[in-house]
Amino acid sequence: MISIDKVGMNYQLDGEQVKVLSDLSLTIEQGESLAIVGPSGSGKTTLLLLLAALESPSVGSIAIKGQDLSALSQDQLADLRRDNMGIIFQSFHLIPSLDALSNVALPMEIAGRNNARSIATAMIKSVGLEHRMKHYPLQLSGGEQQRVAIARALAHSPSLLLADEPTGNLDASTGSRISDLLFDLHREMNTTLVLVTHDEQLAQRCQRVVRMDGGRLVEEHAHHGE
Amino acid sequence: MENKARFLLSFAWHDLRASGRQLWVFCACLMLGVTLVTASAAMHGLLSNSLLDDTRALMGGDIEVSANQPLPDDSLEWMAASGQVSLTRELNTMLGTQNGDFLLVELLSTDENYPLYGELVLSETGSLQDLTGFVNGFWGVLIDPVLAERLSIDPGDNVSIGTLMMEVRGLVLQQPDRRLSANWRGAPVLISDAGLEATGLMGPVSRIDYEYKVRTDVAPQSWKNEFYQAFPGSEWEVRSFADRSERIAERLGQIASGLLIVAFSTLFIGGLGVFNSIHTYLQSKLKTMATLKAVGMRQGALIAVYCLQVGLLAGLSGLVGVLAGGLLTGVGAQLVAQEVPLDDSFGPFLMAAVVAWCFGLLTSFTFALPALGKALSVNAAVLFRGDSHGSGQLSFPWRLLTVLLALLLGALILMAVPDLRFGLAFLAVVLFCLAFFEGIVRALKKLAVMLESTAWLQRRVITRLAIANLHRPGAPLRTALLSLGTSLTLLVACTLVVTALLRLINTTVPDESPALVLYDVFPDQLEKVEALVSDYASTERIALSPIVRARVTRINGQSLSEMDFPDSDWEEMARDEHKLSYRSGNIDSVKMVEGSWWPQSAEATSSNDQVYIVMEDREANQMNLKPGDTLRFSGAGHEVEGILSGIYSQKGLQTRFWFEAIMSDGALDSFINRYVGTAYMSDEDALNAQQALAKIAPNVISVRTANIVDSARELLAKASSGLAVIASISLLTSLLVLASVMAAGRRQQIYDASVLYALGTRISVIKAAIRREYSILALITALFSMCLGTTIALLLLEFRLKLESTDLVWLGLVTAIGASSLIFAIGASYLFRHLKVSPSILLRDNEA
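Chains as they are written, first to last, in our numbering: chain Y, 1 to 226; chain R, 1 to 848.
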């Protein structure tokens, strides 16, 4: 599904080049769940940005379903995110001026789909927020907001789900429920899940765990996960 | 595609509705600018329609030939062969009521062809000939309603004109060639030919204007050329309705241009408010934009959403502005209609509304684009990295688009302003101001940085904080100088001009001017007029001087008819009559600017004596004259030639007679058939003298300065009110811009204040620093606007109006400092009310 081949990423900072990723190669299969762990500054977030096609590598290539991302224009990359990816952020990042239902329907409405609202309604029900469809993000708790964000990320049945510390801003109990929901839906919809987290317990729920340090892949192990 | 478009529109609307309240400054700034543009353009349209659409009727014909003697029969036959001719005779005189009030009027006697265009509408039934005929021992007159109201006269009352009592037989409700107010030319009084002759005012030396109007199918310019060829060397003035249109259009254009420029300045200032307001709003939308990109919205769609929001706001605000402008136009029209009957059609307002609305839209986008471009370049990566406090750089396409829109706006302004010179000057001044203030801002910021590191400031925390805030990113210095500085400059300039004029009217004119000014005194009346006026106890002095009308026929020996006229203005000027007089103790208080007066002893008592001439600067410059040139004047069958010894300037608004040339004593003796004079006495005695003069010399026109001062006060009050409205709107816009700057910087100020508070700084110290910062801003803004505003006002007053006003500079300073301090005090108080120090924001990544 995803092929990362000798990818490196550099930034310019005050005239100096900073290496964030070096010679990174990785393959992720369709339907697989992968956790990326590592200390702060190890390059986890940068890798996630590259997978989300929100940044381009300085060297190397990334291909999703055989399509080299560097060959696509900005609009084509936007279309790719819209149709094939779902992103779950640590800070939820719901649109404040849209209610929960409209937030969930957002990617499908951007795509111009006729049935956006009906699919979104079904998705909101599946995350247990049927009674909160017309509420705005400010009116929802942190856990509820993250559930809406998960619904938004999955409503359009993407083939790739990217999650950046999905439980990072939640208390333990809520975080646990959110994790359960996330993995249940991942299994149900057979999406490929790439998860960045500091939470080792959460990481262990994935089929594979890769550890990063200093911009490099330093460890990888597989286990049965979910 | 349809779904996508509908979604974008729906999203733009919902997003705007949820958080658009922040944009009230955007809306208010734009609305005020559009209001002024609408009102200015609409007034211009209404006036143009009223005065220009039917210039033929306004002039009374296609062609007008003016003379001060009846035209010879051959010329009358020539004119009659080309069309229909109508003669109107005009004579200025005093009209007296039974209460003893007198007023300057213009007697008009017309023939049976009058009017050639339009319709004469009278309050009574009956023809003009019947109503002005001799009935029951009285000749009849028809008067203007303004005159009737002013002197409290009704039909049936008797009035004195010349040696006769006449009966007012009706009011002139509509006179097509006299649509301008009675106040401007002397109220018209219609009288028959025989009635005019019966008044005894028509003598050999009477000043009667013979106006021959011609209605013809021949093209005006061709008619004029053929007439000049048929009657070369004639002294008659010939004007076509096209000439009249051009002059009126030029005057109207200048006034409209002035008003529109003030309106565009307000729109420009409002544009700064638009920029700040949109910038603040979009900063709060960065995460939304990044999220939309992350979930797959294309850049084009994102641009469409936020451009739609700007367009929606601009469109709605512009609409409100147009409606407010309509109301303002209504008020303005009411005031102007007292002087000029206005066209009441909707067309001019509609056109002005559309133009103003479009300008509002264009201005919004021009100022919003840079903020849009920066915000829309936000990288979705900020959602992961948690840094959304700043947006990206403005890319080249956005810069280019902004510049192109600005150029388009400039081009449209040039098209909209009637006088192109005004438009170009305005754009040049705007560019200069932008560059000038940018230079000042950079210099001040550098100075602030230098001051911060001085030892003196190290121990003064409050002042140091205040000065540090001057050069921090997002500091209001630039915007305050540009917006508030511009409107304060306008305020200072208006204050100085109005004060100078008020002083002239209330103090200088009453103190220095004669109480009574006399016109049309015949030579044989000199003694008795002088004796009558001198008889009053309060009379300090009376001065009488001849007034002679003559034309320049030769310059340095070359006949004017042999000269190549550079343009039609020169040709018209060459045919103009000039008013000449003697020095008579410098009766008109002129000031020599080049050359000098002649020796005191020089008198042209014989034809061999050298004649000296001094000439008014405007006339001399028009004819490219300089001291040493010789001039020959011709008038009433006489000629005189002399050497130009000097050029003088008039005293501007205080000039009474506007003599265009003054000659050495004796030079004009053979020309003289009337005198003008001034009498310095109390106003009460002037009133009595006016009544007494009407009895012994009914042809003498006497004008009390007190009346002129009252009229001028009235006019100045109206003009001041108009200026006050415009200056207030401009100032209000600047206040809003300042509010937008404060709103933009509020988040940063709260953050800074929270950090300082957490580190142990007292709230009182934080507020004191803000107060000091605003005081410095107020002082800087006041100083610059005082300098600019005073310079503009003094240039206008000293050079154009010739009023010495350098002693009013202190007033400019007081106005600037007062207004600036008040505005920044309001701003500081607004900020203090919203400044909630919140250290918790330092611990959480929340919006403040």
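Honestly, the hints are just simulated from the structure, not real lab data. For clarity, every value in this text was computed on a predicted model and none was experimentally measured. Careful: at least some of the hints might be erroneous.
Said to hold, decoys possible - Okay, the calculated beta carbon distance ranges per label pair:
1) V403(R) to D68(Y): 51 to 57 Å
2) Q67(Y) to E452(R): 54 to 60 Å
3) A411(R) to S61(Y): 31 to 37 Å
4) A411(R) to E130(Y): 53 to 59 Å
Glycine included, C-beta positions come from ideal geometry on N, C-alpha and C.
Exercise. Indicate whether the distance between the beta carbons of A411(R) and E130(Y) respects the range 53 to 59 Å.
Key: Given about 58 Å between the Cβ atoms, the range holds.
Quiz item: Using the C-beta atoms of V403(R) and D68(Y), is the stated range 51 to 57 Å upheld?
Solution: 38 Å, violated
Quiz item: Does the hinted range 31 to 37 Å hold for A411(R) and S61(Y) at CB?
Solution: 49 Å, violated
Self-check item: Consistency of beta-carbon spacing, E452(R) to Q67(Y), with hint 54 to 60 Å
Solution: 55 Å, holds
In summary, the structure is inconsistent with hints 1 and 3 from the numbered list given earlier, while agreeing with the others.
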